[in-house]
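Chemist: This is what each chain is made of:
4 protein chains.
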Amino acid sequence: MIRIFITGGTFDKTYDEISGALAFEDTHLPEMLRLGRSQVEVSVRTLMMVDSLAMTETDRALIVHNCQQCEEARIVVTHGTDTMVETAAALARGVGGKTVVLTGAMIPYAFGSSDGLFNLGSALSFAQILPPGIYIAMNGQHFAWDAVRKNKQTGVFEAI
Amino acid sequence: MIRIFITGGTFDKTYDEISGALAFEDTHLPEMLRLGRSQVEVSVRTLMMVDSLAMTETDRALIVHNCQQCEEARIVVTHGTDTMVETAAALARGVGGKTVVLTGAMIPYAFGSSDGLFNLGSALSFAQILPPGIYIAMNGQHFAWDAVRKNKQTGVFEAI
Amino acid sequence: MIRIFITGGTFDKTYDEISGALAFEDTHLPEMLRLGRSQVEVSVRTLMMVDSLAMTETDRALIVHNCQQCEEARIVVTHGTDTMVETAAALARGVGGKTVVLTGAMIPYAFGSSDGLFNLGSALSFAQILPPGIYIAMNGQHFAWDAVRKNKQTGVFEAI
Amino acid sequence: MIRIFITGGTFDKTYDEISGALAFEDTHLPEMLRLGRSQVEVSVRTLMMVDSLAMTETDRALIVHNCQQCEEARIVVTHGTDTMVETAAALARGVGGKTVVLTGAMIPYAFGSSDGLFNLGSALSFAQILPPGIYIAMNGQHFAWDAVRKNKQTGVFEAI
Numbered sequence: 005m006i007r008i009f010i011t012g013g014t015f016d017k018t019y020d021e022i023s024g025a026l027a028f029e030d031t032h033l034p035e036m037l038r039l040g041r042s043q044v045e046v047s048v049r050t051l052m053m054v055d056s057l058a059m060t061e062t063d064r065a066l067i068v069h070n071c072q073q074c075e076e077a078r079i080v081v082t083h084g085t086d087t088m089v090e091t092a093a094a095l096a097r098g099v100g101g102k103t104v105v106l107t108g109a110m111i112p113y114a115f116g117s118s119d120g121l122f123n124l125g126s127a128l129s130f131a132q133i134l135p136p137g138i139y140i141a142m143n144g145q146h147f148a149w150d151a152v153r154k155n156k157q158t159g160v161f162e163a164i
Numbered sequence: 005m006i007r008i009f010i011t012g013g014t015f016d017k018t019y020d021e022i023s024g025a026l027a028f029e030d031t032h033l034p035e036m037l038r039l040g041r042s043q044v045e046v047s048v049r050t051l052m053m054v055d056s057l058a059m060t061e062t063d064r065a066l067i068v069h070n071c072q073q074c075e076e077a078r079i080v081v082t083h084g085t086d087t088m089v090e091t092a093a094a095l096a097r098g099v100g101g102k103t104v105v106l107t108g109a110m111i112p113y114a115f116g117s118s119d120g121l122f123n124l125g126s127a128l129s130f131a132q133i134l135p136p137g138i139y140i141a142m143n144g145q146h147f148a149w150d151a152v153r154k155n156k157q158t159g160v161f162e163a164i
Numbered sequence: 005m006i007r008i009f010i011t012g013g014t015f016d017k018t019y020d021e022i023s024g025a026l027a028f029e030d031t032h033l034p035e036m037l038r039l040g041r042s043q044v045e046v047s048v049r050t051l052m053m054v055d056s057l058a059m060t061e062t063d064r065a066l067i068v069h070n071c072q073q074c075e076e077a078r079i080v081v082t083h084g085t086d087t088m089v090e091t092a093a094a095l096a097r098g099v100g101g102k103t104v105v106l107t108g109a110m111i112p113y114a115f116g117s118s119d120g121l122f123n124l125g126s127a128l129s130f131a132q133i134l135p136p137g138i139y140i141a142m143n144g145q146h147f148a149w150d151a152v153r154k155n156k157q158t159g160v161f162e163a164i
Numbered sequence: 005m006i007r008i009f010i011t012g013g014t015f016d017k018t019y020d021e022i023s024g025a026l027a028f029e030d031t032h033l034p035e036m037l038r039l040g041r042s043q044v045e046v047s048v049r050t051l052m053m054v055d056s057l058a059m060t061e062t063d064r065a066l067i068v069h070n071c072q073q074c075e076e077a078r079i080v081v082t083h084g085t086d087t088m089v090e091t092a093a094a095l096a097r098g099v100g101g102k103t104v105v106l107t108g109a110m111i112p113y114a115f116g117s118s119d120g121l122f123n124l125g126s127a128l129s130f131a132q133i134l135p136p137g138i139y140i141a142m143n144g145q146h147f148a149w150d151a152v153r154k155n156k157q158t159g160v161f162e163a164i
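Chains as they are written, first to last, in this note's numbering: chain H, 5 to 164; chain A, 5 to 164; chain X, 5 to 164; chain R, 5 to 164.
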């Protein structure tokens, strides 16, 4: 059984047709799991629905707390890419003995040509077999939390 | 570096608008890797482009031969789901010391609402960290080649 | 008020993931009207769900009968492209004083990159303002029923 | 021959994956015409690429000038929905003897589930047969420029 925590990020951005702006409504995770015909046993909970640039220390503490307290030892966290590495560091300080994989998307799932489904398939797979630790799964790759950065120019996660 | 061998299957079916029938043209794998913003180093080769129900023993021998002979020790094979288990068995008899992951799709990638991108993200991830052996990655899960069957009623791969 | 009669055709083909073949299930028309945010008052009825190559004279008589008998004077008929011109001729012999517009698609709506939504927007618009007569609306154009043929090589409808 | 003038609006908004914000890049019109397999003879020119809330009187004068000066007597203008009615009024004051149809979208074409293709098929069809005048084509309907408003609550264009 894998726990999935939703925190928002590009993954779940939608287009609000009345305001003409980007917005967060409900998460697309269940729909994505259906589309992927996933048979992985998961339990999904939405912790927050925010742009990761707007994420506060209180938000991060809530994510850490939930990863600590949940029964599952294998966890996927969907997260905005801009501060994914910061949240991974917070998780590394606060969560031990569990496999936590953070993932996200560069293009919202709702916008058709998204990398979200690819990343979700990848993150769920890594979460099933990686040993305990905090990881980021993006671009088909996985990185230990302290060995990765997001290249802000290219949008690609790279090893450091 | 991961080697990807293409053999056809639902993954790569397209709709031929002149004949009004399903058809195989060129593989969608490179486009899918771009959409997923994959940074995994891969080398893609198309071995054949067939419906797996039409796959012959000669076809299977060709797949086995290519998996044996290629330099890479980690391989993903895209394959129709109907006889994926048979090909996995042939690979188990003929290929040793390598991690080979077969994957496919229930809905063609070209048809918008496909599970293909999810499965590709999953298969590439499993291929990077599973120990040598022959596996099937479908529905977000992975199975040893001799511990799985496709349920023809539901279209789902299940452990046996 | 516009009457929409559904007869099947590429418009409504879906991919049956268990059989791996093309199939007809329920029509996509209501979903397409929602996606287009159509505010045109319409009444939709499915007459049949067939490939137009399999359409019989009895099927055509049923279409003619329904176009004659319905209250509405403005009608859109969704139809496979291969025999659209034959059905248009049958309608011309049997239906007078009404504006009937046949339309279809080269790529199934369910397959993502379809021309169906463009053709539906076009056909509904032509049906609102063309004078009584039997027309085919394809490729953004409209043709009188006896001034058009489908070019089987290119899939394009052209004036004759 | 129909002239198409591009001015931006939701139609052409894209998601900038580096900044994570909505943006305008190049127009999607040619791609949309290809997808719709349009055979209508058109000549496309991009006049500007702006959100219609940011459109100035100078911008509107430029649109009017181009509609006056172009050779074609039938014109489609893609435009943001928020001030489409204002631009239609400016065109009514400045352009005579031509059929000008303004259209737009509530959801960007690039976001998969857009009404754009439906509206484009509709606008191109109305532009071919309506008598000279300034019209708005949205939601499958057409309105004279002075008989319509956008309902800001519902996003729907309605007759006044």
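Derived from the structure by calculation, the hints contain no laboratory data.
Mixed in with the good hints there might be a few duds.
One copy or two, it doesn't matter: identical chains are merged, so the pair holds either way.
No farther apart than 20 Å at their CA atoms in a straight line, the calculated lysine to aspartate or glutamate pairs in the EDC-like style are these [what the hints assert, rightly or not]:
1) K154 / D86
2) K154 / D55
3) K154 / E29
4) K154 / E21
5) K156 / E21
6) K156 / D30
7) K102 / D86
8) K102 / D30
9) K156 / D20
10) K154 / D20
Chemist: Treating 20 Å as the Cα threshold, decide for K154 and E29: within, between, both or neither.
Modeler: neither (26 Å within a copy, 24 Å between copies)
Chemist: Treating 20 Å as the Cα threshold, decide for K102 and D30: within, between, both or neither.
Modeler: Cα proximity of K102 and D30: none, with 27 Å in one copy and 42 Å across.
Chemist: Measure nothing new, just compare the shortest in-copy and cross-copy C-alpha distances for K156 and E21 to 20 Å and report within, between, both or neither.
Modeler: Classified as between; 10 Å across copies, 29 Å inside a copy.
Chemist: If the cutoff is 20 Å on CA atoms, where do K154 and D20 land: within, between, both or neither? Let me know, please.
Modeler: between (28 Å within a copy, 16 Å between copies)
Chemist: Evaluate K156 and D20 at a C-alpha cut-off of 20 Å and name the case that applies: within, between, both or neither.
Modeler: Between. Shortest inter-copy distance 13 Å satisfies the 20 Å Cα cut-off; intra-copy 26 Å does not.
Chemist: Are the CA atoms of K154 and E21 at most 20 Å apart within a copy, between copies, both, or neither?
Modeler: Only across copies: K154 and E21 sit 13 Å apart there, 31 Å inside one copy, limit 20 Å.
Chemist: At most 20 Å between C-alpha atoms: does K154 with D55 qualify within a copy, between copies, both, or neither?
Modeler: within (16 Å within a copy, 31 Å between copies)
Chemist: Indicate which option fits the pair K156, D30 if close means a Cα-Cα distance not exceeding 20 Å: within, between, both or neither.
Modeler: Classified as neither; 27 Å inside a copy, 23 Å across copies.
Chemist: Check K154 against D86 for me: Cα-Cα at most 20 Å, and say if that holds within a copy, between copies, both or neither.
Modeler: within (7 Å within a copy, 37 Å between copies)
Chemist: Since the copies are identical, ignore which copy is meant and state whether K102 and D86 lie within 20 Å (CA to CA) inside a copy, between copies, both or neither.
Modeler: Neither: 24 Å inside a copy, 37 Å across copies.
Checked against the numbered hints given earlier, this structure breaks hints 3, 6, 7, 8; the rest are met.
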